[in-house]
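Participant: Take a look at the letters that make up each chain.
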Amino acid sequence: MLLPRFEYHEPTTLEEALKLLSELGGNAKVLAGGTDLLVRMKQKIDRPAHVISVARIPGLNEIVPRNGHGISVGAAATAASLSRHELLWDRFTPLATAASRLGSPLVRNRATIGGNLVNARPAADMPPACMVLDATVKLKSRSNERDVPIGEFFRGPGETVMEPNELMVSINMQTPAPWTGGAYIKLASRKTLEISLVNVAALLTLQSPDGPIVDAKIALGAVAPMPVRAYAAEEVLIASQPSEALFQKAGQTGVGMCSPITDHRGTMEYRCMMIEVLTKRCLSMALESARSWKPLR
Amino acid sequence: MKRIIQLTVNGEQAEVAVTPNRTLLQVLREDLGLTGAKHGCGLGDCGACTVILDGKPVNSCLVLAVQANGSEVLTIEGLAENGKLHPLQQAFVEKGAIQCGFCSPGMILSAKALLDENPKPTEHEIRMAISGNLCRCTGYQKIVEAVQAAADSKALQGGDS
Chain S
1 MLLPRFEYHE PTTLEEALKL LSELGGNAKV LAGGTDLLVR MKQKIDRPAH
51 VISVARIPGL NEIVPRNGHG ISVGAAATAA SLSRHELLWD RFTPLATAAS
101 RLGSPLVRNR ATIGGNLVNA RPAADMPPAC MVLDATVKLK SRSNERDVPI
151 GEFFRGPGET VMEPNELMVS INMQTPAPWT GGAYIKLASR KTLEISLVNV
201 AALLTLQSPD GPIVDAKIAL GAVAPMPVRA YAAEEVLIAS QPSEALFQKA
251 GQTGVGMCSP ITDHRGTMEY RCMMIEVLTK RCLSMALESA RSWKPLR
Chain X
1 MKRIIQLTVN GEQAEVAVTP NRTLLQVLRE DLGLTGAKHG CGLGDCGACT
51 VILDGKPVNS CLVLAVQANG SEVLTIEGLA ENGKLHPLQQ AFVEKGAIQC
101 GFCSPGMILS AKALLDENPK PTEHEIRMAI SGNLCRCTGY QKIVEAVQAA
151 ADSKALQGGD S
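Chains as they are written, first to last, in the numbering used here: chain S, 1 to 297; chain X, 1 to 161.
To be clear, the hints were calculated from the coordinates, so they are not data collected in a lab. Just so it is clear, the structure is predicted and the values come from calculations on it, not from any experiment. Certain hints may be false.
To be verified - If we take Cβ atoms under 7 Å as the criterion, some of the chain X residues that face chain S in the derived model are:
1. 20
2. 21
3. 42
4. 44
5. 47
6. 54
7. 56
8. 57
9. 59
10. 66
11. 67
12. 131
13. 132
Note that CB positions come from ideal geometry on N, CA and C, so glycine has one too.
Work the whole structure out from these sequences, hints included.
Facilitator: Right, here's the structure in full:
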């Protein structure tokens with residue numbers, strides 16, 4: 001399959017990249033891993049006149065812990081690097097898990113978290129994980145910088161609040177409170193190289209290992225035009241003692257927040273059934289993780 | 001406008017003039033004559049184009065050649081040394097892991113990347129590592145056995161790969 005022609009730019013600094021974006025804006029696409037953009041270009045869905053690679057911008061692919069208070073993930077960090085990061089697995093489990101389930105090992109060596117978020121596919125793996133972790137994304141343009149909470153970032157399938165002259169530079173999260181645990185489940189016909197039928201991320205914070213739930217976050221993908229936070233399901237859990245019955249109730253409530261479609265991967269009815277089952281299962285996994293919370297060395 | 005790129009392929013310096021819209025796969029096959037990497041789907045879904053780029057196995061159909069400027073590339077042609085097959089290649093032959101052979105270069109390189117990092121993988125780890133490489137012929141069983149055999153073989157336990 002052939003790529004259409006384009007002008008290629010390889011800025012070596014962030015400033016240079018932002019200058020290019022301010023000049024070329026709507027006629028340019030940013031190239032990170034290429035596992036989405038180059039596919040779309042080969043399929044002639046995207047035909048940008050200009051392609052701006054971010055591969056040579058120093059620091060954009062780094063994962064930087066912030067003194068126990070949080071973590072800053074460079075937008076060009078690959079899914080592979082996220083899936084191998086010890087702190088992410090320990091304290092930001094849904095994101096590390098989601099990264100490990102994206103595409104295939106080969107794709108993960110190129111695909112980036114920035115690309116996964118900016119492309120904003122409804123079934124993408126990383127958005128629900130970022131949502132339960134209350135991530136904010138840092139967007140920069142030549143003249144401006146803003147931090148957007150991930151819950152306000154998506155507009156629809158393939159659409160975000162980003163302007164054509166903006167670049168996502170980092171995804172920032174605060175370390176969750178003690179006795180917090182999280183999980184991510186991806187349901188798909190194959191174990192690999194597949195787009196989710198339903199995916200769900202959950203984060204639970206307990207008052208103490210045997211205590212009630214003080215905070216709960218649930219986010220679902222592939223069940224609506226954008227990833228959704230299942231707020232009503234979360235409310236079911238707050239201040240309650242965790243139990244299978246409680247998680248069952250949360251799962252049932254979660255279905256009401258979703259509007260899945262029928263497509264070649266599955267019917268709406270099946271997806272609704274799976275939202276219930278997988279929400280419950282994800283909450284159980286998050287609970288187990290929360291109960292085994294340990295302070296870092 | 002063509003750009004001159006320089007990359008190290010199988011240990012040798014290569015210099016090629018490429019337009020930006022050429023992929024690494026195209027340049028390896030068409031400019032450098034290294035046809036071991038195959039064009040399967042062109043979309044990163046089959047792994048037939050797998051090469052090892054700066055130590056990591058990737059779908060070369062989704063890497064622009066210009067992005068590989070300054071990089072090191074290992075293709076299947078770079079595995080055998082002085083005419084002697086790499087233990088993985090030998091194991092694939094001995095275990096019957098090659099039928100039509102189309103997936104084999106990519107499959108072997110994904111396996112090599114695994115063993116470089118994890119010399120004693122479990123069966124599950126092997127299957128996960130090759131999960132980006134599709135095979136229509138073998139059903140994967142012999143491939144997994146070959147990777148296991150290569151991992152167990154004395155040649156690899158010696159520490160050289």
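Participant: Taking the earlier hints as the rules, which of them does this structure contradict?
Facilitator: 6
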